[in-house]
Amino acid sequence: MTKWGMVIDLDKCTGCQACTTACSMENTRLPGENWQDVLFYSEGSYPNVNMRWFPRPCMHCERPSCVDVCPTRATYKDPNGGFVLIDWDRCIGCKACMVACPYGVRFYTDERAVVEPDVRSVFPGEGKRQWSPPYSSPHDDPKHGVGVQPKGVVSKCTFCYHKVSKAPAGAADLDEDDPATKEYTPACVRVCPPKARYFGDLDNPKSKVNKLIADKRGVRLLDHTGNKPQVYYLSGGAGAAVPSSRSSQGRS
Amino acid sequence: MSTAVLTRSSLPPISWTLVLLVLGLVGSVVAGGYVISQLQAHGHAAFHGDSRGLFWTLPIVTYDYFVLATTGLVMIASLWTVFGLSAFAPIARRSLALAVASLGGAVVALFMELGYPVRALLLIPFSFTWSAPLFWKVWGIIILSAALVVLFLTWIFPGKDERPALPAALVAFGAAIFVAVVAGGVYGWMSMRPVWYGGHTSIAFLVEGLLTGSALLVLFSWIIYGFRGEQAGRGDTPAFGEPFRLLLVVLVAAHGILQLSRLVSGLYSNLDGMEVWHHLWGEPLFHAELWLGLGVPLALLLLPQTRHEAYALPLAAAVVLLAAFLSRYHFVIGGQMVPLFKGSWAPDLLHYTPSLAEYAVLVTSVSVMAAIFAALQLLLRSSGSLSAQS
Ligand code: SF4
Ligand code: SF4
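Those sequence lines, one after another, are chains A and B.
The first sequence maps to residues 4 to 255 in the numbering used here.
The second sequence maps to residues 13 to 402 in the numbering used here.
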């Protein structure tokens with residue numbers, strides 16, 4: 004059974020945010036409500052300043068806590084591909100999943116605009132749609148949380164379900180450089196200029212993602228939570244380092 | 013065993029119940045209307061939650077507060093209906109009426125918060141998500157509501173003097189404990205949220221439920237007796253007497269011990285996320301909740317100069333209710349103040365100020381509760397049942 008996963012090489016990532024922009028366009032995100040984001044952290048004070056960045060999509064966890072807490076089965080683990088998806092027709096907007104996700108990747112966009120002007124008032128949505136983007140977007144597929152986010156529900160990265168789910172059967176990797184798989188490759192992977200992202204089948208021993216994880220000692224974020232992300236980070240074996248939230252408080 | 017039957021002269025005067033009803037209805041219409049108009053105009057942007065990390069805000073605080081009060085009220089009634097402690101017999105019916113009213117206030121807040129409340133009603137009970145605390149909590153509330161309906165139809169409205177049938181009373185009691193424990197679990201079972209995490213959270217919810225339930229009962233008894241404690245005390249209810257004074261003292265003390273132990277471990281711990289406790293320690297409102305909220309009721313109820321005064325119990329109850337609400341607020345908001353993985357897009361600690369619409373949700377819930385309680389009192393009075401209860 005295919006289990007899609009992503010590998011992000013932190014030594015290659017330049018923090019350019021091309022992935023964030025591509026994801027926002029691909030998935031018609033409201034400005035600032037980024038399913039895929041590159042988070043920046045700074046530590047210390049001048050002249051000893053350390054700046055780091057950290058690309059962060061949904062981890063599509065193997066044991067997702069968001070699925071466990073959802074009282075309506077709106078959030079679910081798709082056995083075909085291992086995607087964690089949201090059925091917008093079942094979501095009630097209780098936000099339990101947002102509270103339970105250790106990686107902070109979920110969005111309830113019925114809130115004050117993150118970026119002004121509020122594009123929802125510039126391009127008002129029809130029906131339940133939050134807004135009507137002026138550019139084309141994937142076909143609305145509410146059962147898989149794809150398309151323009153409706154009002155009153157939660158959304159998150161789908162691993163570009165609308166592309167990946169149509170990939171040729173048995174594909175080990177989805178690579179933008181391979182004409183056979185280019186169109187099925189997630190938008191963030193496809194645009195990454197230094198090729199810091201890889202996408203493939205974690206259940207296929209021949210996939211490049213598996214080789215990278217093995218050869219470069221891929222690690223998962225917050226592995227102690229037991230969520231078992233399907234996103235791995237390569238960091239020269241040093242661990243996927245994100246400063247703790249206390250690090251900027253001058254504690255030792 | 014029969015309970016003390018009220019004489020007409022010791023019935024609460026109808027005037028204050030009417031005042032409560034009118035105030036409740038006006039509050040429900042005005043505040044509720046305002047929330048609905050804001051939700052229609054701005055959607056949930058009318059509330060001040062956001063996707064950076066503050067997901068559950070004042071409406072959820074309100075909802076939990078009233079759900080817990082409901083569980084506490086049912087447990088207090090159970091002192092008579094299940095355990096047969098006759099000192100609590102005269103207030104058991106009123107306690108259950110208030111439990112229904114409090115549940116009404118909770119549901120109103122939840123419905124204003126949810127993106128799709130009707131969908132929630134249809135989907136949560138029948139999705140059978142065994143792993144979700146909210147699934148169990150909703151089923152607990154459904155069973156509790158069903159038991160309350162049975163108690164009303166078979167015991168309260170007929171105005172029977174004897175204890176109600178044990179099965180319904182037992183189910184209500186069990187469901188109340190279950191709901192309080194699972195409501196605590198909604199927070200306490202989240203290992204990714206250190207401020208909330210731990211088995212003690214459910215215990216704290218149980219105690220808070222009992223505490224707010226008893227305080228609500230005292231306060232509303234006092235109100236319907238026209239703010240005259242001595243009148244109520246002489247009449248039909250021990251709500252102003254020794255058993256309740258002792259009960260409230262024990263509950264405030266238990267709540268205080270739980271609060272202080274969480275505070276000390278929070279301040280001591282260097283676990284990421286626990287820095288919230290240091291932030292709370294710098295907040296005047298937190299200190300008011302802690303020291304005034306615990307100290308004033310204990311002083312009023314224990315000092316020889318005040319403890320036998322008619323005003324002591326209702327005043328202590330009012331302070332307890334305010335402090336318990338602040339405690340719930342600090343708990344729910346505090347657990348979300350450290351954003352999970354938001355990088356420099358979000359500050360180290362998120363700050364939250366409720367919007368006017370969120371305050372209006374609170375006012376709506378209080379008003380709905382008051383209106384339902386007053387309406388039930390009037391209904392019981394007109395059916396003649398009130399002469400067998402307080
Ligand atoms: S990262 Fe969060 S939202 Fe994504 S699958 Fe894991 S728990 Fe769920
Ligand atoms: S907000 Fe929607 S997806 Fe999240 S837990 Fe509630 S119903 Fe499930």
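Hint data in this document are derived by calculation from the structure and do not stem from the laboratory.
C-beta: ideal position from N, C-alpha, C; glycine also.
Among the clues, some could well be false.
Stated by the list, open to error - FRET-style restraints, in silico, Cβ to Cβ:
1) K169(A) with S281(B): 43 to 51 Å
2) K231(A) with L182(B): 37 to 45 Å
3) S27(B) with A116(A): 19 to 27 Å
4) R115(A) with W303(B): 52 to 60 Å
5) V125(A) with P129(B): 23 to 31 Å
6) V41(B) with D143(A): 56 to 64 Å
7) P137(B) with P120(A): 38 to 46 Å
8) H299(B) with G239(A): 46 to 54 Å
9) A265(B) with F126(A): 55 to 63 Å
10) P137(B) with E186(A): 36 to 44 Å
11) G171(B) with G128(A): 50 to 58 Å
To be verified - Calculated pairs, DSS-like style, for lysine-lysine (alpha carbon to alpha carbon, straight line, at most 27 Å):
12) K198(A) with K354(B)
13) K80(A) with K354(B)
14) K354(B) with K231(A)
15) K211(A) with K6(A)
16) K354(B) with K154(A)
Stated by the list, open to error - Simulated coverage check for chain A against chain B, where a stretch passes if three residues somewhere in it have a Cβ under 8 Å from a Cβ of chain B:
17) 17-27
18) 61-67
19) 87-99
20) 190-197
Lying within 55 to 63 Å: is that true of the beta-carbon distance A265(B) to F126(A)?
holds, 58 Å
Keeping to a limit of 27 Å between CA atoms, is the pair of K211(A) and K6(A) held or broken?
holds, 13 Å
CA of K354(B) to CA of K154(A), is that 27 Å or under?
Holds, because 23 Å separates the two Cα atoms, which is no more than 27 Å.
Are at least 3 residues of the segment 61-67 of chain A within less than 8 Å of chain B when you compare beta carbons?
Our answer is that it is violated, as 0 residues pass the Cβ test (under 8 Å) against chain B, missing three.
Whether chain B covers the segment 87-99 of chain A (at least 3 residues having a Cβ closer than 8 Å to its Cβ atoms)
holds (count 7)
Under 8 Å between beta-carbons, do enough residues of the segment 17-27 of chain A, three at least, approach chain B for the coverage claim to hold?
This one is violated; 0 residues, fewer than the three required, reach chain B with a Cβ under 8 Å.
For the pair supplied as a hint, K354(B) and K231(A), is the alpha-carbon distance within the 27 Å limit?
Holds - the C-alpha atoms of K231(A) and K354(B) are around 20 Å apart, at most 27 Å.
Please check whether K231(A) and L182(B) have a Cβ separation lying inside 37 to 45 Å.
Since K231(A) and L182(B) have Cβ atoms about 42 Å apart, the given range 37 to 45 Å holds.
Confirm or reject the claim that H299(B) and G239(A) have a C-beta distance inside 46 to 54 Å.
Since the Cβ atoms of H299(B) and G239(A) sit about 48 Å apart, the hinted range of 46 to 54 Å holds.
Range first: 56 to 64 Å. Now tell me if the beta carbons of V41(B) and D143(A) are that far apart.
violated, 38 Å
Determine whether the Cβ-Cβ distance between S27(B) and A116(A) falls within the hinted range of 19 to 27 Å.
violated, 50 Å
Between K80(A) and K354(B), does the CA-CA distance stay at or below 27 Å?
The given pair, whose Cα atoms are some 24 Å apart, holds under the 27 Å limit.
In summary, the structure is inconsistent with hints 3, 4, 6, 17, 18, 20 from the numbered list given earlier, while agreeing with the others.
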